[in-house]
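Asks: What follows is each chain in one-letter form.
Protein chains: 2
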Amino acid sequence: MHDDFKSAMRYWESGVCLVTATPPGQPPIGIVCNSFTSVSMDPELILWCVDHGSTVIEAWRAIDAYALHFLPGVEHPLRARFVQRGGNKFAGLQYEINQHGSPIFPELATRFDCVLHQRITLGDHDLMVGQPTSITYPTSERESSCSSAASSTKIPSS
Amino acid sequence: MHDDFKSAMRYWESGVCLVTATPPGQPPIGIVCNSFTSVSMDPELILWCVDHGSTVIEAWRAIDAYALHFLPGVEHPLRARFVQRGGNKFAGLQYEINQHGSPIFPELATRFDCVLHQRITLGDHDLMVGQPTSITYPTSERESSCSSAASSTKIPSS
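Quick note, the sequences are listed as chains E and P, same order.
Counting the first sequence from 1 gives a position; the working numbering is that position plus 119.
Counting the second sequence from 1 gives a position; the working numbering is that position plus 119.
These are calculated hints, taken from the structure and not from any lab test.
Think of the CB as a built atom: it goes at the ideal place given N, C-alpha and C, for glycine as much as any other residue.
Check before you lean on any hint, since a few could be wrong.
[Unchecked claim] Covered stretches of chain P (chain E as the covering partner; in silico rule of three or more C-beta atoms under 8 Å from a C-beta of chain E): (1) 126-132; (2) 210-220; (3) 241-254.
Assemble the whole structure, with the sequences as input and the hints as a guide.
Replies: What follows is the structure, given as structure tokens:
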């Protein structure tokens, strides 16, 4: 019946995102997933799901912030890099560090810099509920298609 | 900043689903949303989000089962019907009732017949976590594109 679940899910269209974080005292971690949705407007909340089978599940459980980037297309090279299991996925990559210590890839035009709002265990996954403190997105269709310049809005902490 | 949240979310690709249910002692309810994701494989769990601003939020909070259908394309007539606020959305529609009392539209090829596993309040929405008891999906690409015949698998209760 797991096969039916997977087969049915093939008919759900969705984007792909890259989530990055730095657990305290540890090297950065990153994961590609499509189990993402926005949840709430007030406060603004998003969530994504991490599999308990992740090789670094304990590191994900130690984070208090993450950056979630939308990947423009399944062929993006960062997707291939981050779908690998294990190893140092950040080796040789150019990235920056945001205000919460999370690695960010500014060339990815849509990004939510989040603090962790809540972690909820559901079955064999954890829901990672994040509250964005700044949101970056393309400022025009042209910029959207080439994923370069972007608008960045910092949300004042309340 | 809500505008930035909405603007950024425009860059997330996702399908659209139609969720239906029958609250005890009340007429059927239905809603269109794209805040859906699969969550867990063991047990199988999915979730979608309902806005506290829904005109029938108390009815949604009373359900113990729902059926979640994938809508094939934003132009589907059931989308236009169910995005309306208020009124009897089911008036004049042909539908069936599944094993949990939820209205179902068999012409929609991908469907999860669920019992409610958990309802979780997060900000101004509730996460409606469902456990599928049967899953229907297209059995071939041809059937997928015309959304007619479909495979239906009943999951034995454990």
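Asks: Against each hint, give a clear statement of whether it holds in the structure.
Replies: Against the structure, the hints come out as follows:
1. As drawn, the region 126-132 of chain P meets chain E at 7 residues by the rule of a beta-carbon pair under 8 Å; at three or more, the given contact holds.
2. A stretch counts as covered by a chain when three or more of its residues have a beta carbon under 8 Å from one of that chain; for the region 210-220 of chain P and chain E the count is 0, and the coverage is violated.
3. Evaluation of the coverage hint for the region 241-254 of chain P: fulfilled, as 8 residues show C-beta separations to chain E shorter than 8 Å, against a requirement of three.
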